[in-house]
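Residue numbers (our numbering), protein chains in the order written: chain A, 1 to 442; chain B, 1 to 272.
No wet-lab data here; the hints were simulated from the structure.
Hints may contain errors.
Think about it this way: if two alpha-carbon atoms lie no more than 16 Å apart in a straight line, the pair counts; the simulated EDC-like pairs of lysine to aspartate or glutamate are [to be verified]: (1) B/K47 - B/D14; (2) B/K146 - B/D206; (3) A/K264 - B/D184; (4) B/K252 - B/D184; (5) B/K13 - A/D192; (6) B/K252 - B/D26.
One side of the interface only, derived from the structure: several residues of chain A facing chain B at Cβ under 7 Å [claimed, not checked]: (7) V166; (8) V167; (9) G270; (10) Q366; (11) H371; (12) P373.
Just so it is clear, CB atoms sit at the ideal spot from N, CA and C, and this is done for glycine as well.
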Amino acid sequence: MLDIGSFRARVCQGMTRRAFLRAGALAPLAGLMPSLARAADERKRVKSVMLVWLWGAPSHLDTFDPKPNAPVEFRGPLSSIATRTPGVRFSELLPRIAARSDKFALIRTNKNSQSGHLEAGTVALTGNADAAVGVTPNFGSVVAKARGAQDLPPFIAVGRGTPRDVVGIMKGYGGGSWGKLFDPFQVGCSDDGAVELPSLQLLEGLTPAHLDDRRKLLRELDGLQRKADQPEHRKWDDMNRRAYDLLTSPEARKALDLTREDEKTRGAYGHTSFGQSCLLGRRLVEAGVPYVQVNWSQYVEPMTPGADFGWDTHVANFDLLPDRHGPILDRAFSALLDDLHRRGLLETTLLVCMGEFGRSPRINAQASRDHWPNCYFSIWAGGGVQPGRVIGESDRLGQEPATDPVTPGMVGATILEAAGLDAQARAEMRVLQQERVIHELF
Amino acid sequence: MNSSKADGQRLTKDGRMKMDPVFIRDGAEIIFSAQETPTQLSLMRLKLADGSTERFHPQATTSEFEPSFTLDGRWYAFVQSRGNLNLKVVIRDTRQNKDAVYDSGAGFVTPRRPSFAPDGSRVLIALPGGTGQEIIAVDTQGKNLKVIATGALNSGPAFSPDGKRIAFASSRDGGFDIYSMNADGGDVRRLTKTPGLDLRPSWSPDGERLAFTSNRDGNYEIYVMNADGGDQRRLTRNDERDDYATWHPDGKRLVFMAERNGKFDLEMIAVG
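Could you put together the complete structure from these sequences and hints?
See below:
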């Protein structure tokens, strides 16, 4: 249902006018969890969580947990380099991140229960496997529900659509059994910084070009309002309405406009889809979005057209990583750390970077690496995390955690706790009730 | 990002990711791979006379990359994506306007980095195999496969201009280093021995020198050395990435992908 209302909006040209189409679908969010929002400890909670999601699963041995003393069939051809943290080494593909190891904590004992992308992705982002009772909501959906309606959508996913493979989409991408209302608002971002709102593609006659002309946009909206009873407009789903809401919010347009960044900053992230997406994520965090998930996009996957396999390097692992994945991640993530730190946003933001699992320590018959849920890494920064530390240790071949494993449920509980959802609040929401927070991070 | 050396001559300006430049038509044009859309790598043609860039295969609808040409330009090969994890090497005869395909099987096998023999007799390909990643040679029909290099990961093969030697990167001694071998795979010689990655060897037109990429000094830079591995010198000095070097036919200049303020363009520099 469309909730048609009106408000006074000041347009760019200094005019005021009454117009508009209110996205009523978000209104229920405001009242859903008021007690939980209050229950959150305002003094401790971060304003935002930013998850950098390395879909496809990066090799832990070739990135943040190299094994230089392992046999060659495990350690591979990549060398390790010293980091800023004494005694800690990363892959040679990540020199910039290695130089910033004092800005984050690294967990080397993450462990997933599932070995397929779709199932493991759901577990990694919800803390639970897909069950008969339905899919548990994404951590971002939980935060969105608790925080309620905002000027900006409370859960935004930046990337090229919902993470998927050739079989289908990863079910844990959004609201799950809570419904599409709690799905992330999808935003795309190309290597030149052009921002795409996929929802708009469903609205006939309205293109992103309209964003450049607010007066024209408002005329269009007036026209659409008059046609709101027409059958085709009743088909609009929640995402369409949220897109409209976003379009008419000056704050949102400002946050989504990467041209407001100077060239030096944009360049620091790298003019890749992932790099500019990380920059967009920082802008959204800065604008107050409670949960931003930046997905590694299919930009780096020319070998897998039509599917977003990201870091799923069953083949050509040692071609792709030095050519593309390594340099792109190294530049973008190090710039993100610098940028968040420089702006003081690490004080109010929890930054997490991980995939759904790791990759096989033993190199496969295709001279690459396969899935490995038993041991992988995650990176944590800001939000009170004590930086410059490695938590947990994998065994000498990187096959299993040598110390207590960190489960996706623990990851989720820690994220939610940082976002202000303590054990009581999580119990009220019936999410991750039995999971322990990774206190070693703080 | 600071450059400690004057930049070279910038040949492209769009900033999109680029790879694999090679000269054709006696240096009048460069063919390279570019990230044309988020999901497609395309072969592009740069005309040096006017700086214009256009698609090399205007009708291509899938990713194509890593081109290699014969000296006379009759033949060329490139990698073409034909589905998920399904790469083929296309071998094109421009005189007969016919394609042959090297097909290593469906799915999860990825032939990469074709390199044509100067006389057009064979194409080298890096191919995952039982011993790691091998270098194989096939004829212009994609048949009569012969294994040239085995053991460890071998990549980036490049025929010398006279066709007698092959330079390549290999991890046979640990990390990736540059090696050379006879065209039949014999007489393997290690040319670099430094820590870090040494990749993508490219022969000078006179066969006396090799350009290559190395991160031995912390990030990807272009180096040159004699064909026997002697006199290794760093040519580029930038905080950002310099990669994918190829020689101009005059033997006095190199073109490479230069990352500057996060953008990727082709640059040309003189080689002393």
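How the hints compare with the structure:
Annotation: proposed proximity of B/K47 to B/D14 holds, straight-line Cα distance about 15 Å (limit 16 Å). Distance hint between B/K146 and B/D206 is unfulfilled; the C-alpha atoms sit about 27 Å from each other, more than 16 Å. Proposed proximity of A/K264 and B/D184 is contradicted: the alpha carbons are some 50 Å apart, above 16 Å. Restraint check for B/K252 and B/D184: not satisfied, since their Cα atoms lie roughly 30 Å apart, outside the 16 Å limit.
Straight-line distance between C-alpha atoms of B/K13 and A/D192 comes to about 13 Å, which keeps the hinted pair within the 16 Å bound. Of the supplied pair hints, the one linking B/K252 and B/D26 holds, its CA atoms being roughly 13 Å apart against a limit of 16 Å. Contact between A/V166 and chain B, as hinted, is supported at the beta carbon level, the nearest pair being about 6 Å apart and thus within 7 Å. Restraint check, A/V167 versus chain B: the minimum CB separation of about 11 Å is more than 7 Å; hint violated.
Interface restraint check for A/G270: the shortest CB-CB distance to chain B comes to about 4 Å, inside 7 Å, so the restraint holds. A cut of 7 Å between beta carbons decides the hint on A/Q366: the least distance to chain B is about 4 Å, and the hint holds. A cut of 7 Å between beta carbons decides the hint on A/H371: the least distance to chain B is about 13 Å, and the hint is violated. Here the hint on A/P373 is broken, as its CB sits about 19 Å from the closest CB of chain B, past 7 Å.
Going down the numbered hints, you'll see the structure goes against 2, 3, 4, 8, 11 and 12, while the others check out.
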